[in-house]
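Asks: Here are the chains, one letter per residue:
There are 2 protein chains.
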Amino acid sequence: MIDPKHLQHFAAVVGDDNIYSDKAHLLAYSYDATRERFEPDAVLFPRHEQDVSDILRYCDEHGIVIVPRGAGSGFTGGALPSHGGIVLAFEKHMNKILEIDMQNMVAVVQPGVINMDLQRAVEEVGLFYPPDPASQDYSTIGGNVSENAGGMRAAKYGITKDYVMAIRAVLPNGDVVKAGKRTIKDVAGYNIAGILIASEGTLAVTTEVTLKLIAKPKMTKTAMGVFPSVTEAMEAVYKTMASGVTPVAMEFLDNLTIRAVEQTFSKGLPVDAGAILVTDVDGNLEPDLDFQLAQIEKVFRENGCSDFVIAKDKAEAADLWFARRNASQSLAVYGSKKLNEDVTVPRSALPGLLEKFYAIAEKYDINIPCFGHTGDGNVHTNVMVDGKDPEQVKIGYKAIEEVFQATIDMGGTLSGEHGIGLAKAPYMGMAFTDEEMNLFKAIKKAFDPNNILNPNKMGLD
Amino acid sequence: MIDPKHLQHFAAVVGDDNIYSDKAHLLAYSYDATRERFEPDAVLFPRHEQDVSDILRYCDEHGIVIVPRGAGSGFTGGALPSHGGIVLAFEKHMNKILEIDMQNMVAVVQPGVINMDLQRAVEEVGLFYPPDPASQDYSTIGGNVSENAGGMRAAKYGITKDYVMAIRAVLPNGDVVKAGKRTIKDVAGYNIAGILIASEGTLAVTTEVTLKLIAKPKMTKTAMGVFPSVTEAMEAVYKTMASGVTPVAMEFLDNLTIRAVEQTFSKGLPVDAGAILVTDVDGNLEPDLDFQLAQIEKVFRENGCSDFVIAKDKAEAADLWFARRNASQSLAVYGSKKLNEDVTVPRSALPGLLEKFYAIAEKYDINIPCFGHTGDGNVHTNVMVDGKDPEQVKIGYKAIEEVFQATIDMGGTLSGEHGIGLAKAPYMGMAFTDEEMNLFKAIKKAFDPNNILNPNKMGLD
Numbered sequence: 034m035i036d037p038k039h040l041q042h043f044a045a046v047v048g049d050d051n052i053y054s055d056k057a058h059l060l061a062y063s064y065d066a067t068r069e070r071f072e073p074d075a076v077l078f079p080r081h082e083q084d085v086s087d088i089l090r091y092c093d094e095h096g097i098v099i100v101p102r103g104a105g106s107g108f109t110g111g112a113l114p115s116h117g118g119i120v121l122a123f124e125k126h127m128n129k130i131l132e133i134d135m136q137n138m139v140a141v142v143q144p145g146v147i148n149m150d151l152q153r154a155v156e157e158v159g160l161f162y163p164p165d166p167a168s169q170d171y172s173t174i175g176g177n178v179s180e181n182a183g184g185m186r187a188a189k190y191g192i193t194k195d196y197v198m199a200i201r202a203v204l205p206n207g208d209v210v211k212a213g214k215r216t217i218k219d220v221a222g223y224n225i226a227g228i229l230i231a232s233e234g235t236l237a238v239t240t241e242v243t244l245k246l247i248a249k250p251k252m253t254k255t256a257m258g259v260f261p262s263v264t265e266a267m268e269a270v271y272k273t274m275a276s277g278v279t280p281v282a283m284e285f286l287d288n289l290t291i292r293a294v295e296q297t298f299s300k301g302l303p304v305d306a307g308a309i310l311v312t313d314v315d316g317n318l319e320p321d322l323d324f325q326l327a328q329i330e331k332v333f334r335e336n337g338c339s340d341f342v343i344a345k346d347k348a349e350a351a352d353l354w355f356a357r358r359n360a361s362q363s364l365a366v367y368g369s370k371k372l373n374e375d376v377t378v379p380r381s382a383l384p385g386l387l388e389k390f391y392a393i394a395e396k397y398d399i400n401i402p403c404f405g406h407t408g409d410g411n412v413h414t415n416v417m418v419d420g421k422d423p424e425q426v427k428i429g430y431k432a433i434e435e436v437f438q439a440t441i442d443m444g445g446t447l448s449g450e451h452g453i454g455l456a457k458a459p460y461m462g463m464a465f466t467d468e469e470m471n472l473f474k475a476i477k478k479a480f481d482p483n484n485i486l487n488p489n490k491m492g493l494d
Numbered sequence: 034m035i036d037p038k039h040l041q042h043f044a045a046v047v048g049d050d051n052i053y054s055d056k057a058h059l060l061a062y063s064y065d066a067t068r069e070r071f072e073p074d075a076v077l078f079p080r081h082e083q084d085v086s087d088i089l090r091y092c093d094e095h096g097i098v099i100v101p102r103g104a105g106s107g108f109t110g111g112a113l114p115s116h117g118g119i120v121l122a123f124e125k126h127m128n129k130i131l132e133i134d135m136q137n138m139v140a141v142v143q144p145g146v147i148n149m150d151l152q153r154a155v156e157e158v159g160l161f162y163p164p165d166p167a168s169q170d171y172s173t174i175g176g177n178v179s180e181n182a183g184g185m186r187a188a189k190y191g192i193t194k195d196y197v198m199a200i201r202a203v204l205p206n207g208d209v210v211k212a213g214k215r216t217i218k219d220v221a222g223y224n225i226a227g228i229l230i231a232s233e234g235t236l237a238v239t240t241e242v243t244l245k246l247i248a249k250p251k252m253t254k255t256a257m258g259v260f261p262s263v264t265e266a267m268e269a270v271y272k273t274m275a276s277g278v279t280p281v282a283m284e285f286l287d288n289l290t291i292r293a294v295e296q297t298f299s300k301g302l303p304v305d306a307g308a309i310l311v312t313d314v315d316g317n318l319e320p321d322l323d324f325q326l327a328q329i330e331k332v333f334r335e336n337g338c339s340d341f342v343i344a345k346d347k348a349e350a351a352d353l354w355f356a357r358r359n360a361s362q363s364l365a366v367y368g369s370k371k372l373n374e375d376v377t378v379p380r381s382a383l384p385g386l387l388e389k390f391y392a393i394a395e396k397y398d399i400n401i402p403c404f405g406h407t408g409d410g411n412v413h414t415n416v417m418v419d420g421k422d423p424e425q426v427k428i429g430y431k432a433i434e435e436v437f438q439a440t441i442d443m444g445g446t447l448s449g450e451h452g453i454g455l456a457k458a459p460y461m462g463m464a465f466t467d468e469e470m471n472l473f474k475a476i477k478k479a480f481d482p483n484n485i486l487n488p489n490k491m492g493l494d
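Which chain is which? The protein sequence lines are B and P, in order.
At position 188 of the first sequence (counting the first as 1) the number is 221 in the numbering used here, and the numbers step up by one without a gap.
At position 415 of the second sequence (counting the first as 1) the number is 448 in the numbering used here, and the numbers step up by one without a gap.
Worth flagging that the hints you see were computed from the coordinates, not collected in a lab.
It cannot be assumed that every hint is accurate.
Which copy is meant is left open, so a pair is good if it fits within one copy or across any two.
[Unchecked claim] Cross-link-like lysine to any residue pairs, in silico, SDA-like; alpha carbons within 20 Å at most: (1) Lys-249 to Pro-320; (2) Lys-189 to Lys-249; (3) Lys-245 to Ala-275; (4) Lys-272 to Glu-132; (5) Lys-245 to Asp-195; (6) Lys-251 to Pro-320; (7) Lys-245 to Gly-277; (8) Lys-474 to Gly-213; (9) Lys-211 to Ala-458; (10) Lys-249 to Ala-327; (11) Lys-474 to Asn-484; (12) Lys-272 to Val-158; (13) Lys-251 to Ser-276; (14) Lys-272 to Asn-317; (15) Lys-254 to Asn-317; (16) Lys-300 to Asp-346; (17) Lys-331 to Met-135; (18) Lys-189 to Lys-245.
Using the sequences and the hints, build the whole thing.
Replies: So this is what it looks like as structure tokens:
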């Protein structure tokens, strides 16, 4: 437990209204989407960058642990105060869109801005912020930057890191640094913004982000292809991308996922299909979209696609997307506990990867339904078990380990989107050599010599 | 001078054929495009990654300085052995394109591969590697990564960092690390590749780079607009980009540059124009290109463009590009010494920036012709003086300092493309706070605690 004199100090810094240390509030800030719980000693709501700097400097001097938190929507425990200490939360004050610069096509935001609020604000003026994590309705830009959030549009538009032009951040010692500029090109000094992205709040606390915007494409069309086998669908994915067309999204559901959605919602889905692919294309001209769709249909049909449907309007497009958007929740039909991972492989490895996953499922007599962002090789892999049966849960974790090993063997990564946090920390040794882990630790030490900032994460301790 | 026993050791590692220590060769490796000269003690040509590791580990143990070198085409001295020591060169052995993976649209190359050789190889199979620094005919991918090279196509396609998916590198202690994957998404561990890019060979030695490729657009068209004033041209640049069209390139020449090219080559250029803009658009469909060109013409004409020409074929396109491609060499008409900088500002600051530059020129009674990549705010700023007159050279450097200050005041960067190296090291204090410089130094120390790798660069010593 933290010494009460520290809490008094923090109250003096941020004001009594901006510190919580009562049981109910500590509980509210003790969890994230992993459902693990760790209570902090207090929650602070900094009013501005100077507060963040004052808090960090004091914590550094007194060895107090600090955990920055966005919306708490992470799947790997990155925002959990696993060592207690102070949670820094930005939703009360540091939650403003500071500027939308139309001339340079840039937005400047505070960390607490919600992703979808930013998307809406820039679209109102004809601009576009592509990163769209599934958590977009509640996750914050600060959290998105810390985890390098992806989303469905990554196949064409990339991920958070591709849109971060500059970051203002406070180092653990209280120093404020600016990294990057409102320019496409900037090669003066080390790429600090580059290393802060995806650092999961372990190196510095972000206080302001400058994001690149692009012009909003004038139109989007949606299509769906039905495939007899998941292997054929996966072949169609990478062959489409390699054919010169880059769809905005190229999402898949495997047979188990299709059945789960159908069982839950009765939408008339093709329950005997090996897989379906749902895809969006966009652009500024009708002929361009039709050209893209024709190319996609050609590659799909060459790879076994029996049924190819193009949505005629928004309502039909929403229908085609329904199964994908409701995939995750529907999987409950296979078990009360879902161990969901977000492994990612080079696209051409997808067919082989899924074959391996199904072999693992068969070996352990469990279901591993898969869906996700195949356009960028990112497979949401769901190991389903009975959460009340400890033996089943143990088997589930064994299967996960094999899922990771198969992914790494095929040149993939433990995480395409969710990060490492606490949940994947035990697997870092599978993915990285001792030399690589030593380098991570040296970088952590360079930024945070006293290890006060989000310790115990990413397998660094 | 290095102890001969070290040279014997290195000869034993790489073989007698792969070490130079004779005067003629040391001279050949003593310079780069800055024309400064520093002789190394020896030049080594590692045969493979293991050689690099063995060399670095030995140097680290014995405190021997190592300077990795690409083609020596840099403008800031990044590859100069300013403290002597060993130059590591890759053009003899580590110069292979290891793989072009068409399925995943990725190339894997060694650091010594020449940029244009890679471009040609991937275009032969319908793919595209966009980064095109002016040095593309001789500069290497290793050098491009170290400097985060840009080029003309950055406005639409970004720069080297946007194409680096993974880097294999050797740390100063000899450890080999792999950073990144052949996947769009990878958020496991710190973004080591992100910090190695643009680190100017001060953190690690790159031994292999995995690069993202895209589908080659099927067609390109070129247009040129003539403007009465540079201010109107600069307004047209950022208004075009903000209108929703993203040209591949949007290059400008100011009046002084136009006159210099005309004086040198007599091509019938509009010598009374305030500026000309040359632009390329690309895509897969004729109507898409025409749509883009119509939009560009509209914005250009709204901003004072008197003459707008679209090239009818490749020969006419080459004609329109002639002035831009020959701008740099033509400037010799204004003086024997060219202090050329590559400052970059947010695009909307371009009109004001150029006004300031011309005011600086007037104040010192010198010429500062400007041209460059306005589509991304990157202005090649050429302070022209008589190199034989020490007083003029002194004035030139005073002007440069004011050029940098004006750039920084307008939210810009010391360097959009060339890096810091030795040449811009004295100006780092203008662009970065002490806190930021301390962070750079801490990162340098985390990678290279004994400061053996390219010391004395980037203002870090």
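Asks: All hints are to be evaluated individually against the structure, with a verdict given for each.
Replies: Here is how each hint holds up against the structure:
no.	hint	in the structure
1	Lys-249 to Pro-320	both (18 Å within a copy, 19 Å between copies)
2	Lys-189 to Lys-249	both (14 Å within a copy, 15 Å between copies)
3	Lys-245 to Ala-275	between (27 Å within a copy, 12 Å between copies)
4	Lys-272 to Glu-132	between (41 Å within a copy, 18 Å between copies)
5	Lys-245 to Asp-195	both (8 Å within a copy, 13 Å between copies)
6	Lys-251 to Pro-320	both (13 Å within a copy, 15 Å between copies)
7	Lys-245 to Gly-277	between (25 Å within a copy, 14 Å between copies)
8	Lys-474 to Gly-213	between (24 Å within a copy, 17 Å between copies)
9	Lys-211 to Ala-458	between (30 Å within a copy, 19 Å between copies)
10	Lys-249 to Ala-327	between (23 Å within a copy, 18 Å between copies)
11	Lys-474 to Asn-484	both (10 Å within a copy, 19 Å between copies)
12	Lys-272 to Val-158	between (36 Å within a copy, 14 Å between copies)
13	Lys-251 to Ser-276	between (23 Å within a copy, 12 Å between copies)
14	Lys-272 to Asn-317	between (24 Å within a copy, 18 Å between copies)
15	Lys-254 to Asn-317	both (11 Å within a copy, 18 Å between copies)
16	Lys-300 to Asp-346	within (18 Å within a copy, 54 Å between copies)
17	Lys-331 to Met-135	between (39 Å within a copy, 18 Å between copies)
18	Lys-189 to Lys-245	both (15 Å within a copy, 13 Å between copies)
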